[in-house]
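Spelled out, the chains give:
There are 2 protein chains.
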Amino acid sequence: MLFICIEMVGLIAGVCTTVAFVPQIFKILKSKHARDISLGMYVILTTGIFLWMVYGILLGRIPIVLANGISFVLCLTVVITKIRYKG
Amino acid sequence: MLFICIEMVGLIAGVCTTVAFVPQIFKILKSKHARDISLGMYVILTTGIFLWMVYGILLGRIPIVLANGISFVLCLTVVITKIRYKG
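Quick note, the sequences are listed as chains R and Y, same order. So for the first sequence, our numbering puts the first residue at 22; every next one is plus one. So for the second sequence, our numbering puts the first residue at 22; every next one is plus one.
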């Protein structure tokens with residue numbers, strides 16, 4: 022029961038930190054502007070999220086792997102849209 | 022040895038996903054502009070990071086707790102600076 026509760030917190034956390042990048046991607050695509058967004062932040066963040074995914078694989082914790090795997094793709098999308106719409 | 026390696030990956034991941042927000046905060050403070058930044062993203066992200074911290078506490082994994090604790094403060098700082106410099 023406690024195990025299910027812990028994994029549930031991880032799952033909700035994972036959904037939040039994954040879904041979070043979607044409004045940013047839509048905002049950039051809609052406005053075609055990404056000047057205020059820090060490229061440095063997203064390069065470091067994408068690297069960090071990739072490493073969290075590796076950490077999850079090594080621990081065998083599915084919520085960490087899943088959440089960070091999707092976050093990695095979305096965060097990389099922000100990097101690409103930022104480079105595309107610099108101005 | 023394997024345990025140390027796993028915790029080391031978590032530690033580097035934690036440093037990356039924590040430090041990442043610093044260039045964004047400096048960029049906003051320097052330019053006094055945060056128009057392109059999605060408030061929705063940072064509100065959801067701050068909530069998610071808080072829950073990852075709780076997940077780390079429940080699992081007793083120090084790298085998860087430490088990294089997400091500091092990330093939470095930094096992410097909240099982006100929320101505050103975004104509200105301050107909307108235009």
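Everything labelled a hint here was simulated from the structure, so no lab data went into it. Take the hints with a grain of salt, since some may be wrong.
Just so you know, same-sequence chains aren't split out, so a pair can sit in one copy or run between any two.
Said to hold, decoys possible - Dumping the calculated EDC-like pairs for lysine to aspartate or glutamate here, alpha-carbon to alpha-carbon at most 20 Å: (1) K103 to E28; (2) K107 to D57; (3) K53 to E28; (4) K51 to E28; (5) K103 to D57.
No experiment lies behind these values; they were computed from the predicted model shown.
For each hint, the structure was consulted:
1. Taking identical chains as interchangeable, the C-alpha atoms of K103 and E28 are never at most 20 Å apart, the minima being 34 Å within one chain and 32 Å between chains.
2. For the homomeric pair K107 and D57, the shortest alpha-carbon distances inside one copy (9 Å) and between copies (11 Å) are both at most 20 Å.
3. Taking the shortest alpha-carbon separations for K53 and E28, neither the intra-copy value of 38 Å nor the inter-copy value of 40 Å comes in at or below 20 Å.
4. Taking CA atoms no more than 20 Å apart as the test, K51 paired with E28 passes in neither setting, with 36 Å inside one copy and 40 Å between copies.
5. In the homo-oligomer, the alpha carbons of K103 and D57 lie at most 20 Å apart both inside one protomer (10 Å) and across protomers (10 Å), since each shortest distance falls under that limit.
Comparing the model with each earlier hint shows violations of hints 1, 3 and 4; every other hint is respected.
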